[in-house]
Structures are given as C-alpha cells and as structure tokens.
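> The task is simple: from the sequences and hints, build the whole structure.
Numbers given in my numbering equal positions in the sequence shown, counted from 1, plus 16.
These aren't lab readings, by the way, just hints derived from the structure by calculation. Check before you lean on any hint, since a few could be wrong.
With a straight-line Cα cutoff of 25 angstroms, these simulated PhoX-like cross-link-like pairs (lysine-lysine) come out [to be verified]:
#1 LYS93 / LYS80
#2 LYS51 / LYS89
#3 LYS60 / LYS122
#4 LYS80 / LYS92
#5 LYS150 / LYS122
#6 LYS143 / LYS51
#7 LYS182 / LYS93
#8 LYS122 / LYS80
#9 LYS66 / LYS143
#10 LYS92 / LYS122
#11 LYS60 / LYS150
#12 LYS60 / LYS93
#13 LYS150 / LYS93
#14 LYS150 / LYS92
Using C-beta positions, here's what the derived DEER-type ranges look like [claimed, not checked]:
#15 LYS143 / GLN50: 24 to 34 angstroms
#16 GLY63 / THR175: 21 to 31 angstroms
#17 THR175 / ARG106: 17 to 27 angstroms
#18 GLU101 / ASP164: 40 to 50 angstroms
#19 GLU120 / LYS89: 19 to 29 angstroms
#20 ASN132 / ASP103: 18 to 28 angstroms
#21 GLN50 / THR85: 22 to 32 angstroms
#22 LYS92 / HIS54: 15 to 25 angstroms
#23 PRO188 / LYS60: 22 to 32 angstroms
#24 GLU101 / LEU64: 34 to 44 angstroms
Even glycine gets a Cβ: it sits at the ideal position worked out from N, Cα and C.
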Amino acid sequence: MQKVYPLILTVFLLGCQPERKPYPTHDVGYIDPQKAIHPSPDFKICGLEKDILQYYNHNQPGDKPAGYTGGPKAIKKHIRTYYPELDLGRESGMFTVRFIINCEGKTGRFEIFENNLDYVPSPFNPKTREQLLKLTRELENWRANYMDGDYRDSFMYITYRIENGKITEILP
Numbered sequence: 017m018q019k020v021y022p023l024i025l026t027v028f029l030l031g032c033q034p035e036r037k038p039y040p041t042h043d044v045g046y047i048d049p050q051k052a053i054h055p056s057p058d059f060k061i062c063g064l065e066k067d068i069l070q071y072y073n074h075n076q077p078g079d080k081p082a083g084y085t086g087g088p089k090a091i092k093k094h095i096r097t098y099y100p101e102l103d104l105g106r107e108s109g110m111f112t113v114r115f116i117i118n119c120e121g122k123t124g125r126f127e128i129f130e131n132n133l134d135y136v137p138s139p140f141n142p143k144t145r146e147q148l149l150k151l152t153r154e155l156e157n158w159r160a161n162y163m164d165g166d167y168r169d170s171f172m173y174i175t176y177r178i179e180n181g182k183i184t185e186i187l188p
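And the structure:
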C-alpha cells in the first residue's frame, strides 16, 4: 500500500500540470510579415523563414556580415544629401527601425521601436516617425549577409539617437 501512494500522487501531479505552450518556431528577432509597416508586395526573402540570420552571423574567415556599404558615415551623407531639411522638432530619444535584408541586398518587413533617452518606450510624433521610416526605407546600398559560400537573408536594424531634434548617432 505504501508504494501505491507515491504512484497516485505522481499521476495526480502530472495530470494537473498546465498545458505547455509550443516552443517558438522563429528566431527571437522574427518580424511577422502581417505586422510589418507599409509592406511591399515586391519584397521576398530568398530562403525559408527559419533560416533568416542576424546581420552579424558568420562561420568562416571569408564570411561577411550584412550591413550598409560605407556604414553610418554613408548613411549620414545620404541624410545630408537627400534630407537637408529634415525636421525632427525638438524631440529626443532612440528611434529603431528593424527590417530584413534579403540575399539580394533588398530590404523589407519594417517595424519600429521608439524610446526616450532613458530607454523607456515613448512614441515620437507622427511626422518624425514618418520621416525616419521613409529615410530608412530609401537606403539602397545594403550588403547581404555572406556565409558559408552563399548570400543569406538577415535581420538588420538602424537606431537613430536624436537629441533636441538632431541625429547625434546612428547605430550599429
């Protein structure tokens, strides 16, 4: 009889466990195509959803991470050239645009995150939001992730640090 009680207790406890949620099938940085801002019907990823990499992934010495040709300096030059009248008011904060660079260097599936300078979620005004999103979507000199002898899709982001209406830093 003493052996039956632990068995009953085990069956009871296992039967009362809450149902487990399925393990996530996407990368932590996954961008849902249904939730992308202003989705482009022309944008296509080259591989499978599950194979989209982070921009910095590499395995071998010849691999190259995804990025903007010329880096943040080239982005700043693009802003000075094509957006000399950029009007960000007196806003301050961190405006992040996340997106995918496909294997051809094309971008799509944009989403945004807005924070104040203390990293607390805080929305920017709609005019600032639209200007920065438009500027980011128009950047065209993207380099696809090259890994293991092939160009790959990857997740990318740009964060604009804004202080009193001026872009003071562009990351990464």
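> Which of the numbered hints are not met once you compare them with the structure shown?
2, 9, 12
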